[in-house]
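**Q** The chain contents come next:
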Amino acid sequence: MKELPQTVFVVDDDDAVRNSLRLLLKSAGLQAEVFASAPEFLAKYEAAQPGCLLLDVRMPGMSGLEMQHELNLRGATIPVIFITGHGDIPMAVEAMQHGAFDFLQKPFRDQELLDRVQRALVRDSENRARLRHTDRIRERLASLSPREREVLELVTQGKANKMVAGDLGVSQRTVEIHRAHVMQKMEAGSLAELVRMMMAIS
Amino acid sequence: MLRAAMEGSEDNGNGAGGNGGSIPARTIVVAGQSSQRTREVLHALRGFANVVWPTSLESALAQAGSNEAACLVIADDLREEPIDEFLQEARELRRNLPIFVITDPDDVAEAVSAMRNGATKVIEIPPSYAALCEEVSRAMQ
Numbered sequence: 001m002k003e004l005p006q007t008v009f010v011v012d013d014d015d016a017v018r019n020s021l022r023l024l025l026k027s028a029g030l031q032a033e034v035f036a037s038a039p040e041f042l043a044k045y046e047a048a049q050p051g052c053l054l055l056d057v058r059m060p061g062m063s064g065l066e067m068q069h070e071l072n073l074r075g076a077t078i079p080v081i082f083i084t085g086h087g088d089i090p091m092a093v094e095a096m097q098h099g100a101f102d103f104l105q106k107p108f109r110d111q112e113l114l115d116r117v118q119r120a121l122v123r124d125s126e127n128r129a130r131l132r133h134t135d136r137i138r139e140r141l142a143s144l145s146p147r148e149r150e151v152l153e154l155v156t157q158g159k160a161n162k163m164v165a166g167d168l169g170v171s172q173r174t175v176e177i178h179r180a181h182v183m184q185k186m187e188a189g190s191l192a193e194l195v196r197m198m199m200a201i202s
Numbered sequence: 001m002l003r004a005a006m007e008g009s010e011d012n013g014n015g016a017g018g019n020g021g022s023i024p025a026r027t028i029v030v031a032g033q034s035s036q037r038t039r040e041v042l043h044a045l046r047g048f049a050n051v052v053w054p055t056s057l058e059s060a061l062a063q064a065g066s067n068e069a070a071c072l073v074i075a076d077d078l079r080e081e082p083i084d085e086f087l088q089e090a091r092e093l094r095r096n097l098p099i100f101v102i103t104d105p106d107d108v109a110e111a112v113s114a115m116r117n118g119a120t121k122v123i124e125i126p127p128s129y130a131a132l133c134e135e136v137s138r139a140m141q
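As they're listed, the protein sequences go chains A and B.
Taking the numbering used here, the leading residue of the first sequence gets 1, the next gets one more, and so forth.
Taking the numbering used here, the leading residue of the second sequence gets 1, the next gets one more, and so forth.
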């Protein structure tokens, strides 16, 4: 599936800030979309759109922190860089505790902002790659029969076929057959790989 | 790697310290150089039973990594050891250990960096150590 291009979303109620950020991002070859308020962004944002978010803390109506909370409720993983001219430690701590990628105080140097945006875009790519990986594992997991799921759970606990057979009340040969199916369906080359897959989705 | 020893550090006499060995259950580990700030932190935590102020960063890390540690308080800068690196190492040792960092007021950049590197909370001093005691009490529960 073709990956959508990354976009830097800017949410700031200040026209001048929005425009200068758009120009700066464009000058660095980045695609940018600007929004004057949190509700405006939330109405248009789709989680499938890769990128990062530059978010003003203080805005009339819904604040940046409130918008971050809303994004968290929606399960959004987009990296958020807060920008503010009136930041303090409790505000920064709250933003970071709720998963902000960064918190930048105005005034900042253009390059400083661009560096952080680039890091956030890398983080977003990594997050999305990880999600695709875990989605694939879950799809494979869903293809297992109930008995194969039981075998999977026991073998990944480190139990030998003989013990699994005892636990499930079936023959060792039956366990071997189920285990082979599990390895094939999960596309696992080894037990260690299978364990890693289960850890990735746990 | 941790190399810098905290010159002038001392055990506060209220618990284990020094060699990074075993510590009592639910111990509060305080890391910081011998400074006014560290002394203030130790004073603020005087109501808690087991508070240790290890004599080196190595032992602070070892004690923070012990399952007996209830929380780690980074009271002050750690001389040659960057706090961020220290935080990362502590976080690697104990993923769920509450780690509180004391910082100067308005040093937002340091607070953000500390949070990114694994601090549970950054507490600015002044105004008071009440927030620290509250957080530590929560960690003890």
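It cannot be assumed that every hint is accurate.
[Stated by the list, open to error] Straight line, CA to CA, 25 Å or less: simulated DMTMM-like cross-link-like pairs of lysine to aspartate or glutamate:
1) A:LYS106 x B:GLU124
2) A:LYS106 x B:GLU68
3) A:LYS106 x B:GLU92
4) A:LYS106 x B:GLU110
5) A:LYS106 x B:ASP107
These are calculated hints, taken from the structure and not from any lab test.
Quantities reported herein were computed from a predicted structural model and do not represent experimental measurements.
**Q** Could you run down the list of hints and mark each one as holding or not?
**A** Structure-based check of each hint:
1. A:LYS106 x B:GLU124: holds (20 Å)
2. A:LYS106 x B:GLU68: violated (42 Å)
3. A:LYS106 x B:GLU92: violated (33 Å)
4. A:LYS106 x B:GLU110: holds (15 Å)
5. A:LYS106 x B:ASP107: holds (13 Å)
Checked against the numbered hints listed earlier, the structure breaks hints 2 and 3; every other hint is satisfied.
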